[in-house]
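Generate the whole structure from the sequences, applying the supplied hints.
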Amino acid sequence: MARFTLPRDLYHGKGCLDALKTLKGKKAFVVVGGGSMKRFGFLDKVENYLKEAGMEVQLFEGVEPDPSVETVMKGAKAMQSFQPDWIVSIGGGSPIDAAKAMWTFYEYPDTTFEDLCIPFNFPALRTKAKFCAIPSTSGTATEVTAFSVITDYAKGIKYPLADFNITPDVAIVDPELAETMPAKLTAHTGMDAITHAIEAYVSTLNCDYTDPLALHAIKMVSENLIKSYNGDMDARGKMHNAQCLAGMAFSNALLGIVHSMAHKTGAAYSGGHIVHGCANAMYLPKVIKYNAKDETAAARYAQIAASLGLEPNADALIKHIKEMNKALNIPSSIKEYEGGIIDEKEFLEKLPKVAELAVGDACTGSNPRTITPEVMEKLLYCCYYDTEVTF
Numbered sequence: 013m014a015r016f017t018l019p020r021d022l023y024h025g026k027g028c029l030d031a032l033k034t035l036k037g038k039k040a041f042v043v044v045g046g047g048s049m050k051r052f053g054f055l056d057k058v059e060n061y062l063k064e065a066g067m068e069v070q071l072f073e074g075v076e077p078d079p080s081v082e083t084v085m086k087g088a089k090a091m092q093s094f095q096p097d098w099i100v101s102i103g104g105g106s107p108i109d110a111a112k113a114m115w116t117f118y119e120y121p122d123t124t125f126e127d128l129c130i131p132f133n134f135p136a137l138r139t140k141a142k143f144c145a146i147p148s149t150s151g152t153a154t155e156v157t158a159f160s161v162i163t164d165y166a167k168g169i170k171y172p173l174a175d176f177n178i179t180p181d182v183a184i185v186d187p188e189l190a191e192t193m194p195a196k197l198t199a200h201t202g203m204d205a206i207t208h209a210i211e212a213y214v215s216t217l218n219c220d221y222t223d224p225l226a227l228h229a230i231k232m233v234s235e236n237l238i239k240s241y242n243g244d245m246d247a248r249g250k251m252h253n254a255q256c257l258a259g260m261a262f263s264n265a266l267l268g269i270v271h272s273m274a275h276k277t278g279a280a281y282s283g284g285h286i287v288h289g290c291a292n293a294m295y296l297p298k299v300i301k302y303n304a305k306d307e308t309a310a311a312r313y314a315q316i317a318a319s320l321g322l323e324p325n326a327d328a329l330i331k332h333i334k335e336m337n338k339a340l341n342i343p344s345s346i347k348e349y350e351g352g353i354i355d356e357k358e359f360l361e362k363l364p365k366v367a368e369l370a371v372g373d374a375c376t377g378s379n380p381r382t383i384t385p386e387v388m389e390k391l392l393y394c395c396y397y398d399t400e401v402t403f
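Numbering follows my numbering, with no gaps: position 23 of the sequence shown is 35.
All clues stand as given, with none of them false.
Pair ranges (Cβ atoms, derived):
(1) Thr382 - His24: 33 to 39 Å
(2) Arg20 - Thr124: 27 to 33 Å
(3) Glu356 - Arg15: 42 to 48 Å
(4) Asp30 - Pro224: 28 to 34 Å
Straight-line distance between alpha carbons at most 20 Å, and here's what the computed PhoX-like set of lysine-lysine pairs gives:
(5) Lys301 - Lys331
(6) Lys239 - Lys250
(7) Lys239 - Lys334
(8) Lys196 - Lys334
(9) Lys142 - Lys38
(10) Lys390 - Lys347
(11) Lys334 - Lys347
(12) Lys239 - Lys338
(13) Lys347 - Lys196
(14) Lys140 - Lys38
(15) Lys239 - Lys331
(16) Lys357 - Lys347
(17) Lys33 - Lys63
(18) Lys338 - Lys196
(19) Lys63 - Lys50
(20) Lys231 - Lys338
(21) Lys39 - Lys142
(22) Lys57 - Lys36
(23) Lys331 - Lys305
(24) Lys57 - Lys26
(25) Lys390 - Lys357
(26) Lys331 - Lys231
(27) Lys334 - Lys231
(28) Lys50 - Lys26
(29) Lys196 - Lys239
(30) Lys250 - Lys26
None of these hints come from the bench; they were simulated from the model. All residues carry an ideal CB built from backbone N, CA and C; glycine is no exception.
This is how it looks when you write it as structure tokens:
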């Protein structure tokens, strides 16, 4: 038996933010990240629409990029005091991911973070509140997924939380919010989206329900991301839909080792964080080459390439991804990332441990080709130096 889960309601199209006026409840707790949603007036709109719906509103602002365990616990405590029946999160993947985790601790104060790190082990939610997610970036698709990524900075580890319970009840996908993204964020989130779709299509859990979503998302990103990066707002709107479709696919088909590697390298090094979408973009060509040694995966990559009008093989798809990265000014290796902020010596010293953690990541299980920590070391080594994957 397989399962396919999406939000009960998904509002899309310009101006659909006003769907907040239709929510029924008494109290809404709004979780938001940095100042961009406030600066562009969207936070005020959210607050006003919720008040129009007859709700008392409390804001929780300042969720950081790559939200921390500490922020999650602070938000959950605020929720426990306010007792909302709606949790509404607006912004990029970070505030929405954080709000999902806060929601769990609000309803179950005695649970532990360690319990939640076990995939699909969440308690039943909606005993106190429902959840509405409003994305402002076009990549994570957390507004339609059963996932949340929280960082334990003390341990230098990103935890991908996974459970269908944290799939939002309502998603509001308004492209007007995405028009505020700077070019670099547009590039990184867009490559995150295409990675979601490609990994979902070759996942061992792909199915008839996820395949068309993944393929269409890949085509939409391929056609619109570079134009969106260069300021075409019509393409920006199409990207907002494409990333959501990719999210529907991967939330149900799961992912693979591109994400395992991105999760475990993201916060591992003292020189700085490797931005998630950029990490995916750098690692994706290497992982395609690795996975294509598997006959079934190779056939699936060939199908993706054919759907894009390319030669029907994995190498053509790899070339396509590399060309996109180049057009988006994304480096081809970890060594080149942000001018070389990831120290080579530190990378090599931490390589065995990071590789071990990546293999143990929740996304590894649905990768089409198995991998050991020793082989993962070799793959990460290729990603650092941009060397060929021949194993």
